[in-house]
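Heads up: the protein sequence lines correspond to chains A and B, in order.
Going by my numbering, the first residue of the first sequence is number 1, and it counts up by one from there.
Going by my numbering, the first residue of the second sequence is number 1, and it counts up by one from there.
Careful: at least some of the hints might be erroneous.
Which copy is meant is left open, because identical chains are indistinguishable; a pair holds if it fits in one copy or across any two.
Straight-line Cα separation of at most 25 Å, DSS-like style, residue types lysine-lysine; simulated pairs [to be verified]:
1. LYS175 to LYS426
2. LYS50 to LYS426
3. LYS11 to LYS47
Just so you know, the hints here were simulated from the structure itself, not pulled from any lab data.
One letter stands for each residue in the lines below.
Protein chains: 2
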Amino acid sequence: MSIENAIGELKTLMGDRLCISAAERKQYGQNETYYKEMLPDAVAYPKDEKEVSQVMEICNKHKCPVIPWGTGTSLEGNSIPVNGGVTLSFENMKKILSVSPDDMDVTVQPGITREELNINLKEFGLFFPVDPGANASIGGMAATRASGTTAVRYGTMKENVIGLKVVMSDGRIIKTGSRARKSSAGYDLTKLIVGSEGTLGVITELTLRLQGIPEEIASAICSFPDTASAVKTIIETIQIGIPIARSELMDSTSIEAVNEYSKLDLPIKEHLFFEFHGSSSSVKEQSETVQEIAAGNGGGDFHWSTATEDRNKLWKARHNYYYAIKAKNPNHTFLVTDICVPISNLAEMIDQTAKEMKSKGMAPSIMGHVGDGNFHSGIMVRPNNDDDINLAKDLTRRIVERALELEGTCTGEHGVGIGKIEFMEKEHGEAYHVMSSIKRTFDPNGILNPGKVVKIN
Amino acid sequence: MSIENAIGELKTLMGDRLCISAAERKQYGQNETYYKEMLPDAVAYPKDEKEVSQVMEICNKHKCPVIPWGTGTSLEGNSIPVNGGVTLSFENMKKILSVSPDDMDVTVQPGITREELNINLKEFGLFFPVDPGANASIGGMAATRASGTTAVRYGTMKENVIGLKVVMSDGRIIKTGSRARKSSAGYDLTKLIVGSEGTLGVITELTLRLQGIPEEIASAICSFPDTASAVKTIIETIQIGIPIARSELMDSTSIEAVNEYSKLDLPIKEHLFFEFHGSSSSVKEQSETVQEIAAGNGGGDFHWSTATEDRNKLWKARHNYYYAIKAKNPNHTFLVTDICVPISNLAEMIDQTAKEMKSKGMAPSIMGHVGDGNFHSGIMVRPNNDDDINLAKDLTRRIVERALELEGTCTGEHGVGIGKIEFMEKEHGEAYHVMSSIKRTFDPNGILNPGKVVKIN
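Could you build the full structure based on these sequences and the hints that come with them?
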């Protein structure tokens, strides 16, 4: 069998860095949501780029699937080995290769997590701003085109990865982009690989754009009478040019869960969580203006956190949203929606979603990156319960269809994985077939993370 | 002959919207730099996307080259019909299709110029920030991945085009992206088409991200003792988080030319031109901080322009740089370099370039988008004088090679066209062959703007 032959050759190449024990494979067959466990045939721990290239050569020869794996925090089954094969773990490839404070960039290996990176950048007064909540690996974040709470100010992985090294399906190593801040020299392969979820190549090195740690950071929360007034506050904030750093919506059902889980006592209403970055006077000006805008839209008082520990508590509560809604539903896992629409359609989209979920007796638990028009709702399901999962999928389907009608997308930041693949043709039409032709060009044997992003025959 | 057959069918389809007169063809055989005139066999003026699709179907069938043309302001021969064929002019496709002030986006046809667009956006309090100097078409700017003076703050076309409609080589129409601000739904075809210079498809519609017109805009100029101190001022400005809107370097030879052409009396020294955007107090704070940084690096006094007419005069002088250096060299045209390096290598790169040009008896005439690490130098040549052109090309080759050694790119914003194609393999290595395979997948007959970006057999 081809996978067996590949594993035999890989064993010779890698020795102990190739594992086929059930326990180890099980560890790489998990995911954070409702998808069922599926195990790879082996887990490889390459020591460097050259070894990744050798692995790809062997696997390509034997048509053996290869699934790159960061920290396993993806939410759409993006790293599940649906056809078996070899999962590539980057535990041995976590180095920071170089930092340039003058150029405000850093070059890293894919296995480093964003928190590990930021701890190391602190001494330079710099930070990497993309924050998806989970302590994901930088390679995985790039592969998923992740974003999160700070994208409204600093952009997504797309805007923050300036160059890559990538091993192609046949083992060739390519370098995309450079350390120059901009270039018009040909097709943008960096942006093509970012968001390709390991289906076009394996990322082995990333050069990232950094930001200076702001002189001052202030956070605030504010309640609103309804979704529309909260969204309108953010629309006006952006229109007026306030460079808001975070603007997160939580609906009343999310607040209820977060209160319980994180020992807070917020009123059970829609809330916006704000963060402002800048010089002291700029943060003051930004926050005063936003308070005025919020008041004009019926918002309550601002509750401020400027001390680091208070801010951390607030954002930790926000980041623990998933655990909070899970804690309210013991013995459940969930499916999380991730649609993104033009912000002018966001309030309508959120309200319709909440209405539909309530009509099924569910707590909507909506949490949104308002400035981007992106929100999530957690649909609770009992693990491996097909009735629950089918109900959740039906609901997701309707939410996605409405998002597409409202000129949006089926996934703002979680990626396609297996969960969104059924919507790809509907969302992209003929462009989906162009994506398929790119996949076939890059990976003629279909070995790179098969079954994800595009279906090919 | 295949081109003849295509033109015959196009004539039937388009009637008067297809021209084969010598005068009309001559108009589309020109370019703004040293490249020799080359005429297309016909000029087509499609009335809409459907007609572009029909044109592509016909031309693909007959293997007839198609060259999209915006305003002809490109600088690397990007729109020269090297193999003849049909030039597509977008004069009939200049409409603004929709504006959404809440979403701060606009959808346009490719023929509209950036000045036309901005005049129309004014009533909404919005503007499109990318400013390459020339009043280029939006379609051409996207195709070239243009940027210019404001990229340091607002990004290049890459960051500001959020969706496209594109006619493929076989006439299929695809839509890339959506009006959602972000998406992780598959391969980023938008970013693949932006910068592809008409070699992968013909852009027929663009959705652009807009900015609010700032409450206050202030401009200033400041002289510096040398390049290094000017560059260091910008490095420190960016590190500290000042969202500077423009930061343009002009060397002493450029200042001399600009003084003469635009009737200014600036001291003949290196200068930085600054622009600050924001609220009144934010502009005040930004400019005070930058003045301190400049003074710390040996900069002279700031000369301010806050009144609109003064600012316009200053920036017009900057934008007329090309005309200024041309005016100093009557009966000459020029080749303009466009390398971009990490900003930490910029001063070295500029000084070496100036030294080399001076050693050949040339005025370096260096003008740079410092914040991006990108600069230009105009090398004057007598039109159609092969000795001059070969000398200029030799010099360019050495400048590009040094830029690549310094981790940069051969073109920051002018594109590859024919002028930079010889450097593509050296810059990208194996990735260049991946680009070629994308070209072959998208355009198997090689009819889309042949001879540009990648060489295919």
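Verification of the supplied hints:
1. LYS175 to LYS426: between (33 Å within a copy, 12 Å between copies)
2. LYS50 to LYS426: between (39 Å within a copy, 21 Å between copies)
3. LYS11 to LYS47: For LYS11 and LYS47, the Cα distance is within 25 Å only inside one copy (14 Å; across copies 62 Å).
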